[in-house]
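Using the sequences provided together with the hints, build the complete structure.
Just remember that my numbering sits 825 ahead of the position in the sequence shown, which is counted from 1.
These are calculated hints, taken from the structure and not from any lab test. Where a beta carbon is used, it is the ideal one built from N, C-alpha and C, also for glycine. Heads up, some of the hints might be wrong.
Said to hold, decoys possible - With beta-carbon atoms standing in for the labels, derived distance ranges:
no., residue 1, residue 2, range
1, A893, R945, 22 to 28 angstroms
2, Q835, D860, 35 to 41 angstroms
3, R945, T895, 19 to 25 angstroms
4, S904, A934, 19 to 25 angstroms
To be verified - The list that follows gives simulated cross-link-like pairs (lysine to aspartate or glutamate, EDC-like), each with its CA atoms no further than 20 angstroms apart:
no., residue 1, residue 2
5, K879, E889
6, K858, E840
7, K858, E871
8, K866, E853
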Amino acid sequence: MSESTPSDPQQLRAEIAQTRAALGDTVEALAAKTDVKARAKVAAEEAGAQARAKVDAAVGRAGEVAGAVTGRLASTSESIEASLREHDLPQKVRRPLPVAAIGAVAALAVVLVVLARRRRA
826 MSESTPSDPQ QLRAEIAQTR AALGDTVEAL AAKTDVKARA KVAAEEAGAQ
876 ARAKVDAAVG RAGEVAGAVT GRLASTSESI EASLREHDLP QKVRRPLPVA
926 AIGAVAALAV VLVVLARRRR A
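Structure (structure tokens):
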């Protein structure tokens, strides 16, 4: 309140209205602080958003790694095939290369599926 009490009834009513409004704001702020459910919900939403951001970043990094691995696998495969052609090895020796490449691609697919499922969970 002000230092002196106004003698005019209208001024007094205006000051009372201001005080009530300020008191109402204070009560609202205190009620918001004591509302544990609402605060927990907000904290859970924030944690969920952070988790989604981390999963998105991890999936992005996994995609980058997958691209790099695929590129390396292709170049390595080409160089091994060229080396095998130079040495004129029997057909049985040449077969494990495609099997190894298929295995590497399958392992990469499994990793990407696991990451995608974690993202959805």
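What are the numbers of the hints the structure violates, in ascending order?
Hint 6 contradicted; others consistent.
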